[in-house]
Amino acid sequence: MIEFQNVTRSFGRKVAVNGLTLAVDPGELFALLGPNGAGKTTTIKMLTGLLRPSSGSVSVCGCDLVKDQRDATRAIGYVPEEPFLYDKLSGREFLEFAGQMRGLDGPKLRECIARESDFFEMDDFLDDLAETYSHGMRQRLVFASALLHDPPVLVIDEPMIGLDPRSVREVKDRLRTQANSGTIVFMSTHTLAIAEEIADRIGIMDHGRLRFLGTQHELRDAVKSSHTSLEGLFLEMTNGHAAKGEAGAEQEARSESNRSADRSPPVANDP
Amino acid sequence: MSQNASTSDFLPAPAEGRVFALMRRRLLSTALAQTFSRARFRATLAVLLTAILWGGMFWMFHDGFQFLRDTNREIYADVVHGLFGAFLLTLMLMLIVSAGIILYGSLFRSREVGFLLTLPARTERVFLHKFQEALVLSSWGFVLLASPMLIAYGVVAQAPWYYYVLLLPLVVAFIYIPVAIGGILCLLVVRLVRDNPLAVLIGIGLLFAAASAWIGWGLWSGPQNDLLTPAWFQEVLSRLRIADQRLLPSWWLTQGVLDAADPEMLADATLFMTLLISNALFFRLVALWTAAGVYRPAYSGLRGRAYRRKRSHGAGFDRLLEWLMRPVPVPVRILVLKDLRLFRRDPLQWSQVLIFVGFLLVYFWTIPRFNYDAAAIGTYIGWVNMVSFLNVSVVGLLLSTFTTRFVYPVISLEGRRFWVLGLTGVRRQTILWAKFFFAAAGTLAPCSILVLISDLTLQVLWEVLLIHQLTSLVLCAGLAGISVGLGAWLPNLREESPARIAAGFGGTLTLVLSTLYILCVVVLMALPTHFHLAAQNATLSRYSAAWPNVQWWLTFWWIAGTAGSLLLGVAATVIPLRMGFRAFCRQEF
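Respectively, the protein sequence lines represent chains A and B. Here the first sequence stands for residues 1 to 271, numbered as in the working numbering. Here the second sequence stands for residues 1 to 589, numbered as in the working numbering.
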């Protein structure tokens, strides 16, 4: 399980994530939506141990990301928005490094690499140096690296950037399959359609606060009751704050929170 | 995998180390294989030129040690001890600063650590990985400089074979200590200083610079007459005691090297080697403990620094510069201003240069302490000429490190954002001309000013002052041509870090060629100038009888030398630029 307990993260006076409480269960595919600067990437960086919360706690599989950081990160496969690869290593060597760091070795490691190479169709270029890869090839390699050790938690920041339509389809199917097999999939995205298509639950963030948290069904109900599209609902939830100052945004957040309580399950409650 | 992970099946520390070592070995072997398969000529040239530079330094140190031994046999050992001590102490302070700044960049700003910190690797392992990188990056200059000196000393001292064997562990253990201290300082500063830790690191660097200046002041303050005589060496020796502190690793290395060269002192040499190694291991351990407790919170804290809007400053300066550059074509002017803004807004770029300029100014300031006998005009002219041209060389060498470190990587860094320039319609030649103009003009101003300060301090003759200004112009144009030309000829479009680009093959080649160029220009200018001026005074007039046309020949040599250095300057500017232009026009981004 992933648990955020009243997590706040500040950058000086700017509050990037404000009092986030959220739990995601095994087998769930959770999509975090929000405009630029909403706090999605900060949330994901706290979930992967790169950033520490200013207050509150984040835990993965019962391990606190600050106190038991190694245990927690071992349980996570992470696909960042701008993945890093060693240009002078081949894809296979990169996967070997990532796999060995996760405790895989020998025939087991080779088997895992073969499995992911087969799934992401990387056989043709896996032994080439990463410096020769296109963006899509790099993205596939990073996905393979994150899934190599069959992690119980998969964290993805903007999953579909750089992938061609066929790869997008395959990744979406894979994420669904992973979730169905018990993996927690936590992804952040700008693409509403992807979230709508594959996510079990959706959270919409804006100005560091969770504005909406609910299932697909609850989201559709909210869309119907507001007589608008998903896009319209998203813009209604987030645009209202964009042009306001922080004080205004705080006030808006409070009233928005009250309105949300009427039309969706309480924010930050367990599903 | 189970939903609740346990700590029992983590990769053991030695196995983790092996995984990192394998990754590093693969990276290195691929880089080497690529260098020698795709650019065999360039690699051979770089190795050859480095060997020539090394050989030149070896020859210089060898003759220096022989001179010292032959002229000051009684106090030779003490003088060498003092010189080694002062030299190594200064290098130790500089290594602490340079390692701290390099580690700040690699531990807190590189994308690689963003990846490594998401792996279940030990925090101290990630630190160690970057620490080893910093160890190599910050010490290769030290090794290039110190190895010919130490080997030359061994040859002159007729040291036994094990002297050369012991040098490696002695030097490696010594380098390890300041780099570890730099790493610990870097971690603590970033952890403890909330706002702008880089400024604090630079401040510490300035403190170390002040300490080095204090050492220099201690060495050269007070009256010093009869240069290079035993009495003068005795005087210097008493001042070198500043570095004679037995608790300093520089002292242990000095003592270890000197003992290793003495066949009867092997046990003592081994003792100092053990002392250095045990201290290196101790500081390594402290650095790892510090990293284990501090690195992650420091990394997270640095990213949680107060968010500030950064507004551009210096618009007035830009306007002034734009006005001054009115004769320059508009595209070149715009590109130069862009480069200047980028340079000015990155303190990492200019802070290290500022520290070195500070060192030089302190050195120039201490020159008057040499109270040479101005009445003995022959000695006066000889001494002043020698020191003034030496100063020009030192300023040139400083500029060559600047052009290698900052100008050479500019084209490589431009590669990733080349679409911006590519879509403007500006010709590629114009882009390179702008870089050249930026580098030449940017180095000429500080070079001329530093050389002028040196000349005014030394009270050189006005002819020499003019020659020096001409030398500055030739040096700056040539250094800019070499760095821009080679930067375009040997770009590294994959690398994002300017330090790594400069430390690569092309950067090394640029540094080696720049150094050779400086030496050639200065020698071509300095020798004939020296003899021409010396011939005009009475001390050399006695040779006039033997060589009636000596004055004419010396004047001819002076003119020919100046013309030769001018021609060399033109060649050093034009040839690399032409090569760079061709390569840059063919380059696909």
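These are computed hints drawn from the structure, not numbers from a lab. Heads up, a few of these hints could be off.
Stated by the list, open to error - Derived coverage of chain A by chain B (criterion: at least 3 residues anywhere in the stretch with Cβ under 8 Å from a Cβ of chain B; other residues may be distant): (1) 6-14; (2) 32-41; (3) 89-99; (4) 205-219.
As the list claims (entries may be wrong) - Derived pair list, reagent style DMTMM-like, types lysine to aspartate or glutamate, alpha-carbon separation capped at 20 Å: (5) B:Lys338 with B:Glu322; (6) A:Lys172 with A:Glu158; (7) A:Lys108 with B:Glu16; (8) A:Lys172 with A:Asp150; (9) A:Lys88 with B:Glu495; (10) A:Lys108 with A:Asp150; (11) B:Lys338 with B:Glu496; (12) A:Lys88 with A:Asp64; (13) A:Lys88 with B:Glu496; (14) A:Lys67 with B:Glu124; (15) A:Lys14 with B:Glu124; (16) A:Lys88 with B:Glu133; (17) A:Lys67 with A:Glu3; (18) A:Lys172 with A:Glu28; (19) A:Lys88 with B:Glu322; (20) A:Lys108 with A:Asp123.
Computed from a predicted structure; not experimentally measured. Cβ coordinates follow ideal geometry from the N, Cα and C atoms, glycine included.
Violated hints, by number in ascending order, as checked against the structure
2, 4, 12, 15 and 19
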